[in-house]
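One letter stands for each residue in the lines below.
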Amino acid sequence: AQTVTQSQPEMSVQEAETVTLSCTYDTSESDYYLFWYKQPPSRQMILVIRQEAYKQQNATENRFSVNFQKAAKSFSLKISDSQLGDAAMYFCAYRSAGNQFYFGTGTSLTVIP
Amino acid sequence: DTAVSQTPKYLVTQMGNDKSIKCEQNLGHDTMYWYKQDSKKFLKIMFSYNNKELIINETVPNRFSPKSPDKAHLNLHINSLELGDSAVYFCASSPPLGEQYFGPGTRLTVT
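These protein sequence lines are chains X and V, in that order.
In this text, residue positions in the first sequence follow this note's numbering: the first is 1, and each later residue adds one.
In this text, residue positions in the second sequence follow this note's numbering: the first is 114, and each later residue adds one.
Read the hints as simulated data drawn from the structure, not as lab findings.
One or more of the hints may lead you astray.
No farther apart than 27 angstroms at their CA atoms in a straight line, the calculated lysine-lysine pairs in the DSS-like style are these [unchecked claim]:
(1) X:Lys78 - V:Lys165
(2) V:Lys157 - X:Lys73
(3) X:Lys78 - V:Lys154
(4) X:Lys78 - V:Lys153
(5) V:Lys165 - X:Lys73
Please put together the full structure from these sequences, using the hints given.
Right, here's the structure in full:
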């Protein structure tokens with residue numbers, strides 16, 4: 001089974017600074033999807049960004065971007081110009097070609113004013 | 114319009130009771146899921162249904178039974194509730210390709 005590893009249980013960043021959250025995964029598949037989800041204290045799971053494995057270009061969504069290294073099986077999330085509202089739990093997720101999802105254990109991000 | 118809805122959002126009950134959580138999605142997705150999120154925020158897949166058929170049943174006690182009357186609904190019934198069942202339960206749905214859409218979660222507290 002695929003595994004998703006988030007090695008940083010907690011991270012902190014100063015407001016307006018940049019932070020990178022790490023994610024690695026293990027798979028033998030060539031076609032898959034990767035996602036970052038945000039879970040604020042409201043507990044709603046919110047999609048931040050998605051990346052298709054067949055695309056070499058890194059996905060970006062406003063202040064959020066990823067560094068997708070397929071050979072290294074790495075999928076990190078960069079948050080630029082951090083805002084107080086970015087404080088949340090962030091989950092990395094993998095979707096297999098067989099329509100199964102695997103989530104990492106999460107990284108709790110604190111934004112310091 | 115809410116894409117994935119769950120009811121109730123909060124549920125407090127005593128040990129030994131039976132309870133149900135309802136989930137509905139209006140996105141036309143064929144696949145729906147139930148997750149359990151424990152106090153450490155770990156998300157654990159419980160069930161997955163594709164077009165009303167169970168395709169994943171992880172190591173979940175048989176006190177938990179999913180029911181899908183149609184592809185827009187996936188309800189979770191729990192018998193003989195235990196203290197360890199206290200958690201947040203999420204329903205989600207997904208299209209054939211792409212991300213999961215999550216409901217708001219149901220916080221279950223067993224006393």
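Right, here's what the structure says about each hint:
{"no.": "1", "hint": "X:Lys78 - V:Lys165", "result": "violated (38 angstroms)"}
{"no.": "2", "hint": "V:Lys157 - X:Lys73", "result": "holds (22 angstroms)"}
{"no.": "3", "hint": "X:Lys78 - V:Lys154", "result": "holds (22 angstroms)"}
{"no.": "4", "hint": "X:Lys78 - V:Lys153", "result": "holds (24 angstroms)"}
{"no.": "5", "hint": "V:Lys165 - X:Lys73", "result": "violated (33 angstroms)"}
The structure fails hints 1, 5 (numbered hints given earlier, in ascending order).
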